[in-house]
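*Asks:* Full structure from sequences and hints, please.
Line order of the protein sequences matches chains A and B.
Just so it is clear: in the first sequence, position 138 is 136 by the working numbering, and no numbers are missing.
For the working numbering, add 736 to where a residue sits in the second sequence, where the first one is 1.
No wet-lab data here; the hints were simulated from the structure.
Careful: at least some of the hints might be erroneous.
What the hints assert, rightly or not - Here are the simulated DSSO-like pairs of lysine-lysine, each with C-alpha atoms no more than 27 Å apart in a straight line: (1) B:Lys750 to B:Lys993; (2) B:Lys765 to B:Lys1059; (3) B:Lys1100 to A:Lys266; (4) B:Lys909 to A:Lys266; (5) A:Lys280 to B:Lys1044; (6) A:Lys194 to B:Lys993; (7) A:Lys280 to B:Lys1109; (8) B:Lys1100 to A:Lys270; (9) A:Lys213 to A:Lys176; (10) B:Lys917 to B:Lys874; (11) A:Lys260 to B:Lys1100; (12) A:Lys266 to B:Lys928; (13) A:Lys213 to A:Lys175; (14) A:Lys322 to B:Lys1100; (15) B:Lys765 to A:Lys326; (16) B:Lys1044 to A:Lys270; (17) A:Lys266 to B:Lys927; (18) B:Lys927 to A:Lys29; (19) B:Lys993 to A:Lys322; (20) B:Lys928 to A:Lys260; (21) B:Lys1108 to A:Lys280; (22) A:Lys234 to B:Lys999.
Stated by the list, open to error - To give an idea of the interface, some chain B residues facing chain A are shown, with a C-beta separation under 8 Å as derived from the structure: (23) Met886; (24) Trp887; (25) Lys931; (26) Met932; (27) Phe1001; (28) Thr1062; (29) Gly1069; (30) Tyr1073; (31) Glu1080.
Note that the coordinates shown come from a computational prediction; the quantities given were computed from them, not determined experimentally.
Backbone N, C-alpha and C define an ideal beta-carbon position, used for all residues, glycine too.
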Amino acid sequence: MSLWYFTEEEKELQKVCRQFARQELAPRAEKLDHDEKFNLEAFRKMGEIGVLGITADPDFGGAGMGTLGATIVMEEFGRACASSTLSYLAHSILCVNNIQNNASEKQKEKYLPKLISGEHIGCMGMSEPEYGSDAVGMQTRAVKKGDHYEISGTKMWITNAQYADVAYLYTRTGEEKKNLSTFIVEKGTPGFSVGKPIHKMGMRASPTGELVFDKAKVPLENLVGKEGDSIYHMMKNLEIERITISGISLGIAQACVDQCLKYANERKQFGKTLGQFQLIQKMLAEMSSETDMMRHYLYNVAKEYDMGNKGPVKAAQVKLTIPKMVTKIALDAIQLHGGYGYSREFPLERYMRDNKLNEIGAGTNEVMIMIIAKNLLQELSHS
Amino acid sequence: MKSQYSELIGPLTKFRKNKIDPHVEEDDKNEHFRLELYQELGALGFCGMVLNEEFEGLGLGYQEFCEVLKELAKSSVSYAVTISVSTMVQAMIEKYGNQKQKLKYLPELTSGQAIAAFALSEAGSGSDAAALKTTATKTDGGYLLSGSKMWITSGGVAETYLVMARTGEAGAKGISAFLVKKGSPGFSFGKKESKMGWKVSPTRELVFENCFVSEENLLGSLGQGFSIAMDALDRGRITIGAIAAGLSARAIEESLKYSLIRKQFGQNIFDFQGIQFMLSEMETESQASWLVVKEAARLYDQHEPFQKFACMAKLKATDVAMKVTTDAVQILGGVGYTTEYPVERLMRDAKVLQIVEGTNQIQKVVIARNLKKEIQG
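*Replies:* See the structure below:
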């Protein structure tokens, strides 16, 4: 469903993504989840339909759209295969959008075209084994050594790690907590390797791994911006990440509603269709109302965001409320399908497993609570 | 009960930590059930403990049985469920069977050498079990079974199946219960279900194609099958509640341990109020639901009406297990989502408890029916 304020371009994007999801993502979602396989073929094709650089400058092949456009892609793809969508997010929002917003023209010219065409895959390195919620405390260090930087440390839970040609990497370059700097690191850089794959409950078609830096030699020109520049960029990109990842949850919620309506209309028990029982009607009515509510809320925040009404609170609020609500919806969707819902013949159990990640990735619910409360209280004391 | 408790639970805790835990992740991944582990549990006396000593049971009550299932479920819901279902069938044979049937079927089940399964659900009749379509047609000296049964716990690995089939009119009164052995001509296994959780316990379709069973295989009387099934499920509900309580206890233990070693922002995450609130709510809900389970078991052991409490125990304990295991994944964060830690498995295992032995929606229907009966007399 498109909302009244969608532009023609956004409506068209929605149509194209919906069709793509139906043809390229949905048919393989179950098998890829089971086998923990990445849909590389579909990823390359995302380049062909022009969404891999959804927010990037058209000069480099990007679509030049905003947060709203990116959210549309997330919802439509997420409805068919959330884990492929998560990999898409890591590429287009965590890597490409960051390069677009923070890198030099020269760096953009070098990296964006191939990332946007789908020839290259991108990832981002922020979390570390000991620094998850407390990401700013990261210990991966970059030290300037003449004509290059030497980077050492380990990044954890990195989406697309095993497939990435380019990593957008946050490092520590000073003793103060906020002394963070960013590098673009290419696959094959001496001293840079990928650690073991991480097996997960859900999002299994989206590869997750470790990035290991052992005195990796990174050229000076790969530093993004200036040393110590990164904290602000990092926080800013987390905002669009939190809005767009909530789009994946919205897609999952819609998929639950679609499947539940269909099943409640077909399945008969006690001589009636399930839809004729009030208990089932309650579930259907609640999950569809909540999904609609989330859609209006999310796109509204995305739209305002594009109009300049930004800030960490709005993004954190979206991320705190939507994924949590969708886990509940997905659990109810399994429940409505009973034994079938628990089996892998139906997609509901995958929806639930996939969505749980969205309460953890891009900042846990608990971190969202801290951000929202801290900022609101600060605003109050400053007013 | 106190001394029996430590006599029972001490060895069980040791067993689950030494024998089950080392393989549990791998077996979950490969959907691998180990019959030898089940048989070892049998040798320890756990596979038919509520049966009378005459049939090699321990003659214990459901209160002790629930303690055992709770403890076992901390390591593996799958083995706990296998025991729970097998014991449920044994109890039905003990209650409704004749002496010959008891002697024929019980010893190998009660000793844990073999497993029993319960076959009620069909593809078209889950919650609406009385609408089942598998038929048992009278023939010379017995019956011919035709039809198929879905989502059968221990399907394929069990030796004895308690099968509900239609011998008469439509509805509940036309259903009879039959004991069918694996290997009977005309009885085969359909596809094995691939599931979200409970992966170690095999769930499989049973297929009957003119499978002959003699008169001697009829349990209870003709037309009594549905009431036997409902009687079985009432007890099964208590045990599912106990298993859910074990799952919650393990999830809380893992969350607590992790919160005391994981440091973020310069302190253990346990020291954040957000985490303390979650842990306290998890523990309170979990203990409260366990008390309902224990009360249902006590009522049953004292031969008092227990159906309402059995349903409430199942409803509450499994809803709590779902919430608590979900929160445990949340507290462990990124690592909680990986298979390196057990909490994601606990969460996947919890969901099915809200579905089996009557979905939680069906529990509500039965509880309401009891409430109405209580007030109308």
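*Asks:* Holds or violated: is the Cβ of methionine 932 of chain B closer than 8 Å to a Cβ in chain A?
*Replies:* holds, 4 Å
*Asks:* Within 27 Å, alpha carbon to alpha carbon, are lysine 280 of chain A and lysine 1044 of chain B?
*Replies:* holds, 23 Å
*Asks:* Holds or violated: lysine 765 of chain B and lysine 1059 of chain B, Cα atoms, limit 27 Å.
*Replies:* Distance ~23 Å between lysine 765 of chain B and lysine 1059 of chain B Cα, so the pair holds.
*Asks:* Hint phenylalanine 1001 of chain B vs chain A: min CB-CB distance below 8 Å?
*Replies:* holds, 5 Å
*Asks:* Between the alpha carbons of lysine 213 of chain A and lysine 176 of chain A, is the straight-line distance 27 Å or under?
*Replies:* holds, 22 Å
*Asks:* Restraint: threonine 1062 of chain B near chain A, CB-CB cut 8 Å. Satisfied or not?
*Replies:* Holds, about 7 Å.
*Asks:* Checking one constraint from the list: CA of lysine 917 of chain B to CA of lysine 874 of chain B, max 27 Å. Satisfied?
*Replies:* holds, 19 Å
*Asks:* Next pair to validate is lysine 1108 of chain B with lysine 280 of chain A; report whether the Cα-Cα distance is within 27 Å.
*Replies:* holds, 22 Å
*Asks:* Please verify whether lysine 909 of chain B and lysine 266 of chain A have alpha carbons no more than 27 Å apart.
*Replies:* Holds, at roughly 21 Å.
*Asks:* Just to be careful, I want the Cα atoms of lysine 993 of chain B and lysine 322 of chain A compared with a cutoff of 27 Å; is the pair within it?
*Replies:* Within the cut-off at roughly 24 Å; holds.
*Asks:* Holds or violated: are the alpha carbons of lysine 322 of chain A and lysine 1100 of chain B at most 27 Å from each other?
*Replies:* holds, 25 Å
*Asks:* Under the criterion of a CB-CB separation shorter than 8 Å, is tryptophan 887 of chain B in contact with chain A as hinted?
*Replies:* holds, 5 Å
Consistency with the previously given hints is maintained throughout, with no hint failing.
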